Amino acid sequence: MNGTARDGEPLPAPARIAPEAASEAALAGSPAGSRAGAPREVFVRPTPEASLVRAFEVVVSGQDADGMPLRDRVYVSAADGQEVLRAPEIHAVRNRKVCSVGGPNNGTCRIEGQVATGDTAIDKTYDNMGAPSCRRGRPPAHRAPS
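Per the numbering used here, the very first residue in the sequence shown carries number 9; after that it's consecutive.
Think of the hints as simulated: they come from the structure by calculation, not from any bench.
Hints should not be assumed to be uniformly reliable.
Below, simulated SDA-like cross-link-like pairs (lysine to any residue); rule was C-alpha separation at most 25 Å, straight line [claimed, not checked]:
1) K105 with P77
2) K105 with G126
3) K105 with D74
4) K105 with Y134
5) K105 with D88
None of the values given here were measured: they were computed from a predicted structure.
Construct the entire structure; sequences and hints are all you get.
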């Protein structure tokens, strides 16, 4: 670990919970039937102004209550087993709207759930905006020293 990851802050205390306890804590706040990946020890800032927290990052996957796929990075405090941050990686696309602003189909729109309009540019753009879910990158986390 280098000094730029800590900004001169003191290093958080060593882990007091077992990695398995972190997995259990991550699953406790997740829908029934979810699965937890192998925990890894990291340092994370729950908010930009917060101090670094030694945590276990647990990737939880499954389905939410609506049947949508779920993949969250759950950060569990290595000190007390409390969830300090949950970062979803899959988000629902709820309101796609693509409109033509020129040419012969000026003003033609395709909104979420609507069938194809027949305008190739509109329909391709709509399709390229993604299916009902999309991925986003993970928050910054730093590996704990070995």
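Tested hints:
1. K105 with P77: OK: K105 and P77 at ~23 Å, within 25 Å.
2. K105 with G126: Holds - the C-alpha atoms of G126 and K105 are around 15 Å apart, at most 25 Å.
3. K105 with D74: holds, 22 Å
4. K105 with Y134: Status holds; Cα separation ~7 Å.
5. K105 with D88: Status violated; Cα separation ~45 Å.
In this structure, only the earlier hint numbered 5 is contradicted, and the remaining ones agree with it.
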